[in-house]
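Enquirer: Could you put the whole structure together from the sequences, leaning on the hints where they help?
Protein sequence lines correspond, in order, to chains Z and D.
The numbering of the first sequence is our numbering, which starts it at 1 and goes up by one.
The numbering of the second sequence is our numbering, which starts it at 1 and goes up by one.
In case anyone wonders, no lab produced these hints; they're calculated from the structure.
Source: prediction; values computed, not measured.
Ideal Cβ positions, reconstructed from N, Cα and C, are used throughout, including at glycine.
A hint or two may mislead.
Claimed, not checked - Below, a list of computed lysine-lysine pairs in the BS3-like style, where the Cα atoms sit at most 27 angstroms apart:
#, chain 1, residue 1, chain 2, residue 2
1, Z, Lys396, Z, Lys350
2, Z, Lys87, D, Lys38
3, Z, Lys44, D, Lys49
4, Z, Lys36, D, Lys38
Said to hold, decoys possible - Sample of chain D residues with no beta-carbon within 12 angstroms of chain Z, all distances over it, derived:
#, residue
5, Pro11
6, Ala16
7, Ile18
8, Ala79
9, Leu97
10, Asp99
11, Met119
12, Thr159
13, Phe161
14, Lys171
15, Ile175
16, Ser199
17, Trp219
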Amino acid sequence: MGEPAKIKKMEDNGLEVGAERLTEDRIEKVINSVIKGETGARLKTYVDTCVHCGLCSEACHYYLSNDNDPHFSPVGKVKQTIWEMLKNKGRVSPEFMKKASEIASTECNLCRRCAMYCPFGIDVAYLILVVRRICHMLGITPLYIQDTAHSHSVTMNQMWVKADEWPDTLQWQEEEAQAEIPTLRIPLEKEGADIMYSVIGPEPKFQAQLIYQAAVIMNTAGIDWTMPATSGWDNSDMAMYTGDNEIMGRVKRAHFETAARLKVKKIVMGECGHAFRSVYDVGNRWLGWRMPPFEIVHAIEFLHDILKEGRIKISRKFETPVTLHDPCNVVRGGGLHEMSRYVVNEMCEKLIEMHPNREHNYCCCAGGGVINCGPPYKNKRVESNRVKAEQLFAAKAKGAKVLIAPCHNCHSGLEDINHHYGLGLEIKFLMDVLYEVMDKPE
Amino acid sequence: MHNLYVFVTGPLAWAAFILFVGGSLYRLIAMLILAVRKERFIFSYMSWKYGIRSILRWITPFATENMRRHPILTIVTFAFHICLIMTPIFLLSHVILWDESWDLSWWALPDGVADAMTMIVIACCIFFLARRLVSREVQFVTSPSDYVILAIVAAPFVTGFFAYHQWFGYKSFMILHILAGEIMLVAIPFTRLSHMIYSPFTRAYMGSEFGAVRHARDW
Numbered sequence: 001m002g003e004p005a006k007i008k009k010m011e012d013n014g015l016e017v018g019a020e021r022l023t024e025d026r027i028e029k030v031i032n033s034v035i036k037g038e039t040g041a042r043l044k045t046y047v048d049t050c051v052h053c054g055l056c057s058e059a060c061h062y063y064l065s066n067d068n069d070p071h072f073s074p075v076g077k078v079k080q081t082i083w084e085m086l087k088n089k090g091r092v093s094p095e096f097m098k099k100a101s102e103i104a105s106t107e108c109n110l111c112r113r114c115a116m117y118c119p120f121g122i123d124v125a126y127l128i129l130v131v132r133r134i135c136h137m138l139g140i141t142p143l144y145i146q147d148t149a150h151s152h153s154v155t156m157n158q159m160w161v162k163a164d165e166w167p168d169t170l171q172w173q174e175e176e177a178q179a180e181i182p183t184l185r186i187p188l189e190k191e192g193a194d195i196m197y198s199v200i201g202p203e204p205k206f207q208a209q210l211i212y213q214a215a216v217i218m219n220t221a222g223i224d225w226t227m228p229a230t231s232g233w234d235n236s237d238m239a240m241y242t243g244d245n246e247i248m249g250r251v252k253r254a255h256f257e258t259a260a261r262l263k264v265k266k267i268v269m270g271e272c273g274h275a276f277r278s279v280y281d282v283g284n285r286w287l288g289w290r291m292p293p294f295e296i297v298h299a300i301e302f303l304h305d306i307l308k309e310g311r312i313k314i315s316r317k318f319e320t321p322v323t324l325h326d327p328c329n330v331v332r333g334g335g336l337h338e339m340s341r342y343v344v345n346e347m348c349e350k351l352i353e354m355h356p357n358r359e360h361n362y363c364c365c366a367g368g369g370v371i372n373c374g375p376p377y378k379n380k381r382v383e384s385n386r387v388k389a390e391q392l393f394a395a396k397a398k399g400a401k402v403l404i405a406p407c408h409n410c411h412s413g414l415e416d417i418n419h420h421y422g423l424g425l426e427i428k429f430l431m432d433v434l435y436e437v438m439d440k441p442e
Numbered sequence: 001m002h003n004l005y006v007f008v009t010g011p012l013a014w015a016a017f018i019l020f021v022g023g024s025l026y027r028l029i030a031m032l033i034l035a036v037r038k039e040r041f042i043f044s045y046m047s048w049k050y051g052i053r054s055i056l057r058w059i060t061p062f063a064t065e066n067m068r069r070h071p072i073l074t075i076v077t078f079a080f081h082i083c084l085i086m087t088p089i090f091l092l093s094h095v096i097l098w099d100e101s102w103d104l105s106w107w108a109l110p111d112g113v114a115d116a117m118t119m120i121v122i123a124c125c126i127f128f129l130a131r132r133l134v135s136r137e138v139q140f141v142t143s144p145s146d147y148v149i150l151a152i153v154a155a156p157f158v159t160g161f162f163a164y165h166q167w168f169g170y171k172s173f174m175i176l177h178i179l180a181g182e183i184m185l186v187a188i189p190f191t192r193l194s195h196m197i198y199s200p201f202t203r204a205y206m207g208s209e210f211g212a213v214r215h216a217r218d219w
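Expert: Following this line, the structure appears as structure tokens:
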């Protein structure tokens with residue numbers, strides 16, 4: 001039983017400068033105002049019901065990857081944050097808040113795997129979000145993700161994409177794709193279309209080929225679709241993860257209202273997990289909708305439907321053996337795991353399952369805003385997911401060469417795991433594969 | 001000694017039962033009022049189907065991934081809870097007390113079986129204690145109150161065991177046993193033993209969120 005592993009990290013001015021501005025009085029006031037004003041039966045019942053059994057520990061990839069260090073168990077993280085705040089009635093030090101913010105923002109992906117391991121179904125992700133909310137109210141959020149929340153606030157998208165850059169990018173991709181399919185269109189602002197296709201900020205910023213591929217799939221399948229030329233196109237939401245619920249609400253409202261303005265029947269989303277969580281599960285609730293005001297279709301379900309309806313034909317199945325990662329927000333948060341398997345089996349010759357899988361899959365360790373906290377925490381993030389590397393290595397040993405991850409955060413996180421542990425897997429989105437194997441019009 | 005016996009079986013027993021029932025109702029109603037006042041949405045997500053599905057799944061031994069990962073703990077936990085609840089309700093001497101006081105009577109466990117079940121509870125408490133002391137992830141989140149709660153639960157069974165066997169100080173152990181039982185009853189609504197009251201609700205809520213909204217399993 002050695003000392004807990006010490007993980008090197010860089011300084012984060014969001015926390016350092018944030019903590020310098022705090023006093024114990026202010027912390028006490030803010031914590032109590034959040035606890036009294038914004039929490040209720042859930043927080044109280046969860047804290048009163050927990051019998052400190054530690055059975056959530058093995059659910060957590062941080063815990064497993066850090067040699068079962070109890071500081072990283074779900075309940076251990078709750079103990080180091082919200083329990084202390086409640087025990088001291090909000091009177092904790094700025095130093096404590098710095099640590100609490102780091103734990104809540106960079107040592108938990110809110111993946112909810114532990115909720116499936118707690119005998120009482122205590123929602124640790126919710127407890128950690130309460131901590132992030134307190135940190136937000138205190139202005140002590142990691143700098144990189146705070147910048148992303150600022151971008152949401154100013155531009156209504158995650159990546160500081162300017163108003164003219166957005167339609168410009170879409171038209172650029174349309175032109176590119178027309179070289180392949182001359183009749184291809186990316187219909188902007190088409191009122192009354194069946195589908196509004198929405199993506200996350202990083203797609204126009206540095207993954208524009210994903211928009212190209214989606215356009216090819218939409219056109220080939222003969223979908224009546226549109227994309228907005230205005231803000232409201234971005235379905236992502238880092239404000240949801242910083243505890244900035246007000247900005248989250250604005251961003252989600254812009255998204256829903258854009259769909260309403262375009263009079264579409266449903267919203268189809270690109271391959272992103274957290275965006276699905278924000279549109280399908282969290283943002284709508286903040287705005288007062290029990291379920292989203294529009295039918296929300298994640299890319300997995302969309303591809304499942306068009307393949308099942310025969311709208312897309314596969315010319316030659318993908319030959320290289322693949323393995324499939326189940327992103328938490330669309331699987332534990334959306335139950336799309338059988339649909340993703342249908343899609344993969346339609347497109348690929350051979351699917352090699354990783355274990356555990358489906359709802360029990362290990363997190364990528366990037367989601368929940370963790371990767372968005374940036375370089376200061378990259379080493380910790382990658383080293384805290386050794387268990388994922390082992391899981392992927394086992395799939396590779398069975399022959400998998402390509403890893404399909406239908407989620408942006410997972411993608412980026414898994415790339416880092418892949419690189420750090422030298423797994424040598426090629427990581428793809430579902431649409432990367434579909435674009436490659438589908439029949440395209442001449 | 002006799003006066004003490006009369007006191008613990010009379011006024012104190014009344015107080016204990018009133019605090020247990022009243023306290024449990026109070027905690028339950030307070031939780032519901034808090035939910036109505038501040039998180040009314042909870043009710044709109046509660047689903048009978050998925051709530052009950054989740055509860056049934058989690059009260060079935062080895063029906064969840066985590067139970068299968070910890071077979072010994074699973075057996076201990078189920079044995080502990082079953083014996084903890086069944087023994088006091090169906091112990092012959094307790095049934096006789098109900099019969100004498102209220103003319104209420106029901107089936108009773110054979111004494112030998114009840115004795116074995118008592119030993120199971122005590123053994124399980126020792127297991128839980130050892131787990132708290134030895135297991136790193138449990139130790140890290142353990143506070144002194146966890147030991148106190150464990151002692152509160154173990155005490156009625158340990159004292160009852162001694163009283164039943166009448167090895168020494170029967171009368172003292174009998175009074176201690178009654179006192180310990182009363183302390184435990186009162187502790188249920190006012191300590192983390194309240195998971196007895198709350199757990200069906202937390203379980204049902206998580207089951208509903210997972211089942212009805214997220215279309216996923218929660219086990």
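Enquirer: Quick check for students: does the CB of Phe161 of chain D sit more than 12 angstroms from each CB in chain Z?
Expert: holds (24 angstroms)
Enquirer: Taken at face value, is the distance from the CA of Lys49 of chain D to the CA of Lys44 of chain Z at most 27 angstroms?
Expert: Holds, because 25 angstroms separates the two Cα atoms, which is no more than 27 angstroms.
Enquirer: Run the C-beta distances from Pro11 of chain D to all of chain Z and say if the shortest one exceeds 12 angstroms.
Expert: holds (29 angstroms)
Enquirer: For Ile18 of chain D, is the shortest CB-to-CB distance to chain Z above 12 angstroms, so the non-interface label stands?
Expert: Correct as stated: the minimum Cβ-Cβ distance to chain Z is 21 angstroms, above 12 angstroms.
Enquirer: Mind checking the alpha carbons of Lys36 of chain Z and Lys38 of chain D for me, to see if they're no more than 27 angstroms apart?
Expert: holds (10 angstroms)
Enquirer: Please check whether the beta-carbon of Met119 of chain D is more than 12 angstroms away from every beta-carbon in chain Z.
Expert: Fine: 23 angstroms to the nearest Cβ keeps Met119 of chain D off the interface.
Enquirer: With 12 angstroms as the threshold, tell me whether Leu97 of chain D passes as away from chain Z on beta-carbon distances.
Expert: holds (30 angstroms)
Enquirer: Against chain Z, does Lys171 of chain D keep a CB gap of more than 12 angstroms to every residue?
Expert: Its Cβ never comes within 12 angstroms of chain Z, the nearest being 35 angstroms, so this holds.
Enquirer: In terms of Cβ atoms, is chain Z entirely out of 12 angstroms range of Asp99 of chain D?
Expert: Nearest chain Z Cβ is 35 angstroms from Asp99 of chain D, so the label holds.
Enquirer: Please verify whether Lys396 of chain Z and Lys350 of chain Z have alpha carbons no more than 27 angstroms apart.
Expert: Judged against 27 angstroms, a Cα distance of about 13 angstroms means the pair holds.
Enquirer: Decide, holds or violated, for the assertion that all CB atoms of chain Z are farther than 12 angstroms from the CB of Trp219 of chain D.
Expert: Contrary to the label, Trp219 of chain D does not stay out of reach of chain Z, its closest Cβ about 6 angstroms off (not over 12 angstroms).
Enquirer: Take a quick look at Ile175 of chain D and tell me if its Cβ sits farther than 12 angstroms from every Cβ on chain Z, holds or violated.
Expert: Correct as stated: the minimum Cβ-Cβ distance to chain Z is 29 angstroms, above 12 angstroms.
Figure legend: structure checked against the earlier numbered hints; hints not met, in rising order: 16 and 17.
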